[in-house]
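Q: First residue of the sequence shown: 0, per numbering that gives the first Met the number 0; consecutive thereafter.
Think of the hints as simulated: they come from the structure by calculation, not from any bench. Built from N, CA and C at the ideal position, the CB exists for glycine as well. Be aware that a few hints might be false.
[As the list claims (entries may be wrong)] 35 Å max Cα-Cα, derived DSBU-like pairs, lysine-lysine:
id	residue 1	residue 2
1	LYS68	LYS44
2	LYS68	LYS47
3	LYS47	LYS63
4	LYS63	LYS78
[Unchecked claim] For each label pair, taking beta carbons as the anchor points, the in silico distance ranges come out as:
id	residue 1	residue 2	range
5	GLU80	ARG49	34 to 44 Å
6	LEU70	ILE37	12 to 22 Å
7	GLU77	GLN38	29 to 39 Å
8	LYS74	SER39	31 to 41 Å
9	TYR88	SER45	19 to 29 Å
10	SER42	SER81	55 to 65 Å
11	ILE37	ASN89	22 to 32 Å
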Amino acid sequence: MDLHTTSQSSNTSSDLAHRAGPPAELRTWYDDLNSPLIQSDGSDKSLKLRFDVSQYAPEEIVVKTVDNKLLVHAKHEEKTESKSVYREYNRE
0 MDLHTTSQSS NTSSDLAHRA GPPAELRTWY DDLNSPLIQS DGSDKSLKLR
50 FDVSQYAPEE IVVKTVDNKL LVHAKHEEKT ESKSVYREYN RE
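Could you build the full structure based on these sequences and the hints that come with them?
A: Set out below in structure tokens:
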């Protein structure tokens, strides 16, 4: 590898690091404002989140906001004579 190639590789690596942003442990919530999860339509912005609650029926899922926090809670219980199943999901 010649000096020119090494210089190009070094520049490319630093360009990629700059575009990727700070390391995960130093990131804050506003570092992700350009995330595909946040979509802008003019002056309106919407936040799209996904939660895997596929093991729960819709009536077992509760989504609400409390003190500017989004809360997602799901609970499933099954009881028969031979077994008992209990699942719970919480995200804040």
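Q: State for each hint whether it applies.
A: Here is what the structure says about each hint:
1. LYS68 / LYS44: Cα-Cα ~17 Å, so holds.
2. LYS68 / LYS47: With Cα atoms ~15 Å apart, LYS68 and LYS47 stay inside 35 Å; holds.
3. LYS47 / LYS63: Holds. LYS47 to LYS63 sits at ~15 Å (cutoff 35 Å).
4. LYS63 / LYS78: holds (28 Å)
5. GLU80 / ARG49: 34 to 44 Å: Since GLU80 and ARG49 have Cβ atoms about 37 Å apart, the given range 34 to 44 Å holds.
6. LEU70 / ILE37: 12 to 22 Å: holds (20 Å)
7. GLU77 / GLN38: 29 to 39 Å: holds (38 Å)
8. LYS74 / SER39: 31 to 41 Å: Hint holds: Cβ distance 35 Å, inside 31 to 41 Å.
9. TYR88 / SER45: 19 to 29 Å: holds (23 Å)
10. SER42 / SER81: 55 to 65 Å: holds (58 Å)
11. ILE37 / ASN89: 22 to 32 Å: holds (23 Å)
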